[in-house]
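Visitor: The hints should help you fit chain C onto chain U, whose structure is shown.
There are 2 protein chains.
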Amino acid sequence: MASGNPYTLKWGIMATGGIAETFCKDLLCSPAVRGADDVRHEIVAVASSSSSKRAAEFLQKINGAFDAKTYGSYPELVVDPNVDIIYVATPHSHHFQNTMLALEAGKHVLCEKAFTVTAAQARKLVETAKAKKLFLMEAVWTRYFPLSIKVRELITSGEIGTVFRTIGDLSINSNAEEGSGLSFADSHRMVNPDLAGGATLDLGVYPLTWVFQTLYHLQPEQDKEAPTVIASSNKYTTGADENTAIICSFPGHSSIGIASTTMRADTDPENVVPAVRIQGSKGEIQVFAPAYRPTKYRVVKKNGEAQTFDVPQPADPARNSWGHGMFWEADECARCLRDGKLESATLPWKESIVIMETMEEALRQGGITYPELITTDVYDPKSPLNTGNQ
Amino acid sequence: MASGNPYTLKWGIMATGGIAETFCKDLLCSPAVRGADDVRHEIVAVASSSSSKRAAEFLQKINGAFDAKTYGSYPELVVDPNVDIIYVATPHSHHFQNTMLALEAGKHVLCEKAFTVTAAQARKLVETAKAKKLFLMEAVWTRYFPLSIKVRELITSGEIGTVFRTIGDLSINSNAEEGSGLSFADSHRMVNPDLAGGATLDLGVYPLTWVFQTLYHLQPEQDKEAPTVIASSNKYTTGADENTAIICSFPGHSSIGIASTTMRADTDPENVVPAVRIQGSKGEIQVFAPAYRPTKYRVVKKNGEAQTFDVPQPADPARNSWGHGMFWEADECARCLRDGKLESATLPWKESIVIMETMEEALRQGGITYPELITTDVYDPKSPLNTGNQ
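In the order they appear, the protein sequences are chains U and C.
Sequential numbering from 1 applies to the first sequence in UniProt numbering.
Sequential numbering from 1 applies to the second sequence in UniProt numbering.
With the rest of the complex left out, here is chain U (with noise of 0.2 Å):
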């Protein structure tokens, strides 16, 4: 840990759903909680896209940070000379629109996933923030947990051999009570094309950033290899995936991975199988449900021989014992920040892109299609995912 004051880095938060109020509750615990002194936050200002009112609620949300700003547009929020970084939190399908915003007002940028819709568009970002010099990542907070961590450094250190298959799935039974269809409106973010809906951005995103971080993250950098792609999805009403299966082959390292996501089953619903499996020819890394939170992992040798181990997220007593997990990746974003580095090393830009382009092939494969608003990689500052007058 670091000697001295902590690096404090101040955020302004975009959009003000579930996905932020979680983050900002962990934003607002005590570093020291997760043994981090040499960084904290601030959250200095919210903005919704269509009131101020509803931001200022939102800070009553999260019950904290009262002195912060709180605007009702993203533009008005990404020229607040205050903020550092801007953490976008808003559907996917405005990712694009919404983070170049950003860029372009000069602000650093931490992009909830699926980081964007294309993979044009996750190039546009990553060419914008390297020109701009600014700090961009993708908010894929499961790869930051120690428990994400320690399992890359088991497969590292060759505790389970050479590592040749993972297998990762994220699905929530999501059917109706009745009839045959979800129970999702169409208008719902989950399943409405209009909002990049669809289980493999929404969910898929997290098996395959498990088979991305154990077959393509730890491969040396001199012998990267892209996965050739395979999927197949089962298209819901609205034109959205429901069920998808992706393979991601990687034949220069013998390795294939299998990232599965439906809104018609569970993983499993007594949640004991385990979510993800790393498969190498000393045994096997399983790590429990659900993917993209994991508080328990367990090794088994070869032998039969098995360990498990609970990771539990950390829990700030002063914030009623809150603690979700999502401090981990603000904390590396305040790192990287204090230490110069525009992108981070547990998610380099360059993977964002290669998993991007693999979600956006897999969809292709599948016949799932997206409106042109959201997919252009044509920057516009007037565009409605960023004014909010649509």
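Note: identical chains are not told apart, hence a pair may lie in one copy or across any two.
Calculated cross-link-like contacts (lysine-lysine; reagent style DSSO-like; alpha-carbon spacing at most 27 Å):
(1) Lys282 / Lys235
(2) Lys341 / Lys10
(3) Lys235 / Lys301
(4) Lys235 / Lys224
(5) Lys350 / Lys133
(6) Lys302 / Lys282
(7) Lys150 / Lys301
(8) Lys130 / Lys350
(9) Lys302 / Lys235
(10) Lys150 / Lys350
(11) Lys10 / Lys69
(12) Lys53 / Lys382
(13) Lys224 / Lys124
(14) Lys341 / Lys130
The set of hints was computed from the structure by calculation and includes no laboratory data.
Guide: Quick look at chain C alone, frame taken from chain U:
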């Protein structure tokens, strides 16, 4: 159960390897132990391709049928007038030629899986059996287990609602202790392309049969839908596939099957994670490893309520408590022949062909090829696969 004397089926056993031994030991179990009083089995002849001495030694190994004729060639076996049905227990490279040899001699056939090496071979076998009015069945023994029958009944009865996904795996960690190879000699049938080696044909056929019996077999006949198949394979140094993943998509039924197999890792070194999962709108059925011989399944309802059912194989106390489970398919053969049926309703010819088409397509996409001698669909009684002169 039928009244009167049981129907007796007289078997001729082609090949004397491990699978033939297991099958014959099952034939020697008393049908009464498994509650079958309507059929019985006699082993009346056994053939090795190389010497009658081997066939005689085989009778010692199975410890029974000591009066059976012993032959040193397959052509001799298939013309034995006392034989009703030939059990083809050769490597799958040989199945097409060996089964043709038997059919051409007017014998009914139970042929081990994988049925053939190519779909065209499977079609040719079926055409031949049909033309000659002979019984022919692929020996997918697992399908005839009371456990499998129960699982299919549970699905049909709506116990887990609409089935949207089946995931199955059969993998065996066969890495060599030293180096990067597998533990098999390159000439071993598991990896030798001359013997149609590779994970898909040898192991993958089991997860596929779970995909098919749950997502295809139970479809109403009038809208039977063969899957769209995508697959990826890693090749072993011999050219056989060592690691394969297959997605079978049934878009007309909104379902996806994922079948995987590798020789580089175990399905689960502990044998506690289910090998097969059939996932529906109201819950899932988990079938425990190994996928080829499960003795336990678990029904997990959507709300997490779960129950495990043990279905051990009945063991014959008079046969040293033997009972592997291949007798169920033998009984099916006997009943079909007794009732004048040429194919089994549990695995109709059409379905064996669709499964072979699936594996052929998977292997094609994986870039796996086999030599002409074992892929030809031209019958040759003098083929070294029939004469043993290799």
